[in-house]
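Now for the letters of each chain:
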Amino acid sequence: MQQNSDQELLALMRGGNQKAFAEIYRRYRQGLYTFCLRLLHSPQEAEDAVHETFVKLASGGASIAEPAALKSWLYRVARNEGLMGLRHGRERGDADTVWEDETPLSLAEKSDTQTLVRAALDRLRSEYREVLLLREFEGMSYDQITEVTGDSPASVKSRLFRARKALAGVLEGVWNEEREIR
Amino acid sequence: MSCNDVKTAISAYADGALPPDGEESMFVHLGTCADCRRFLGHVLDTRAAIAAMPRADVPESLDRTVLALKPGIAREKTQRSRWLADLWMRRLSIPLPSAAIVALALLSITIFSLSLLLKPNEVPLMSLPPVDVCAEHPGAPDHNE
Chain A
1 MQQNSDQELL
11 ALMRGGNQKA
21 FAEIYRRYRQ
31 GLYTFCLRLL
41 HSPQEAEDAV
51 HETFVKLASG
61 GASIAEPAAL
71 KSWLYRVARN
81 EGLMGLRHGR
91 ERGDADTVWE
101 DETPLSLAEK
111 SDTQTLVRAA
121 LDRLRSEYRE
131 VLLLREFEGM
141 SYDQITEVTG
151 DSPASVKSRL
161 FRARKALAGV
171 LEGVWNEERE
181 IR
Chain B
183 MSCNDVKTAI
193 SAYADGALPP
203 DGEESMFVHL
213 GTCADCRRFL
223 GHVLDTRAAI
233 AAMPRADVPE
243 SLDRTVLALK
253 PGIAREKTQR
263 SRWLADLWMR
273 RLSIPLPSAA
283 IVALALLSIT
293 IFSLSLLLKP
303 NEVPLMSLPP
313 VDVCAEHPGA
323 PDHNE
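In order, the protein sequences belong to chains A and B. Position 178, counted from 1, in the first sequence is what this note's numbering calls 178; the numbers after and before it change by one each time, with no gaps. Just add 182 to the spot in the second sequence (first one is 1) and you have this note's numbering.
If you're looking for bench data, these hints aren't it; they were derived computationally from the structure. Just so you know, these numbers come straight off a predicted model, no measurement behind them. There are no misleading hints in this set.
Pairs of lysine-lysine residues, derived as DSBU-like cross-links and limited to a Cα-Cα distance of at most 35 angstroms, are as follows:
| hint | chain 1 | residue 1 | chain 2 | residue 2 |
| --- | --- | --- | --- | --- |
| 1 | A | K56 | A | K19 |
| 2 | A | K71 | A | K165 |
| 3 | A | K56 | B | K252 |
| 4 | B | K252 | A | K71 |
| 5 | A | K71 | A | K56 |
| 6 | A | K157 | A | K56 |
| 7 | A | K71 | A | K157 |
| 8 | A | K19 | B | K252 |
| 9 | A | K19 | A | K71 |
Computed footprint of chain B on chain A; a stretch qualifies when at least three of its residues, placed anywhere within it, have a C-beta under 8 angstroms from a C-beta of chain B:
| hint | region |
| --- | --- |
| 10 | 113-125 |
| 11 | 154-168 |
All residues carry an ideal CB built from backbone N, CA and C; glycine is no exception.
With the rest of the complex left out, here is chain B (with noise of 0.2 angstroms):
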């Protein structure tokens, strides 16, 4: 049995999945090589630390969101609503003095518009009422007779 045929058997041994014989052969190998000895206590050093390895923190909105889901709902429905939900939890990352022209742009928009809004002398040309020119000219030729 070579090295590398022994270091195959190694690995399947770790899984538990070396048949009794090969097993055997393995162990007579490992009797008399340093190099395949060290193999096997890399492989469950290894081994040890993955399964030992934290389990990550599942995000809150990853339970809101597939908890919200029912049996039997279609696709298309908790796609959107998913879309929905992304949509609403979007932080958007703007630089500050992009965030404050914007800002100064809006407050300078808002005033402007308030400011012709609010002109005293100004009464806009809809709001007068009809004028009744022959009552107040009664000499005046009537086109309607």
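Chain A on its own, in the form it takes in the complex (with noise of 0.2 angstroms):
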């Protein structure tokens, strides 16, 4: 089952082939499951949108129109099923700005570089977070976001960009003092 496709697979478990769609599920749990984890900052939410997404994957996954883009479909199912029972951060606060979470890194506390990338980018309102994740962390292409989010590329590349940037500037200390101690 490890050698096959995705569209093989997915194909089998169609069929009702157990094993299939344990392949598949094995393949995707972490990925998936880190991703909601990261987007939803909650282990219960992350494990419900995992579960449901398999459950509708389950129950043979109607909506997957090409089987090449399996992937696509599980993270937006994933996403989806998160995003339900999170307010969204498009619905809340100013639109304008990318952060969630307003408040300023302590840089000094927090010395270890990962904590503080990881604490920067859980500021990050989910939409801005969400590509960021999908992209750099599960190296995406901006079509396979694009099937995720549903935005159009153009939305996406903006996106990815101001998050880019407001990372740079909340980041500026830390990556300047690693250059410092290289």
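Two chains, two frames, some hints: make the complex.
See the structure below:
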């Protein structure tokens, strides 16, 4: 089963093959769970979102138009399931800001770069955080991100730029310090 | 090309989505602008840091519930089994004094119930055998005649 492509696994699963379904889960479980956890900040909500995604897949995944797009489909369902329980960032606050939490990072308290980057990422509004995670963490192309979020490629490109610009501003001190150490 | 245009181009460049002519203009600008060079550095550093973030451990409960699903299974049924699984796994947080009071009350009710059941001289009326009054008093009038 590990050698099979997503398309093959999906076809087998639709025929009721339990092992094909388990292999699809094994392939995407960690990426999906991590994405949902970073997006939702709640282990329980992340677990529920991933569970609901596979319930939908088990019932046939009827809305997967193209079997090659299984990965995008899984991330889109997980994202939508997760955001249903969360008041989406777009619906609240000032739409001009990329930040959900504008509390400044305390660079002095947290010396670990990884912790600082994660803290800065967590402060972004969900629509900025999700595109960065899908791009940098999952290595998705603009087209794949478009399939997941339902936004246009231009909007994805613009959100990535704004998120990067905001993070560069907040993390400038960290990167400068790292360069001095190097 | 303004710095903001170049920074937009840097973001696209980091994604491998910048056309060759845009790339050339960007590098020409970078040769003369320290601020944009710094921005490129920060974008690449942030990108590497996010990509290096560890993946989260998947909870066992998720593995269990998903792998119990059968392809083609009805949605309602899986939701019910999940609800039962959640209920079974649920832990309640009760303050110790409240738990002690509840335990004491349950213990008292149990002792009181047992003491009622085990009283030695008290025989429940329903358990007495029927008495034949005519047989015990032969002279008494028989209303059945």
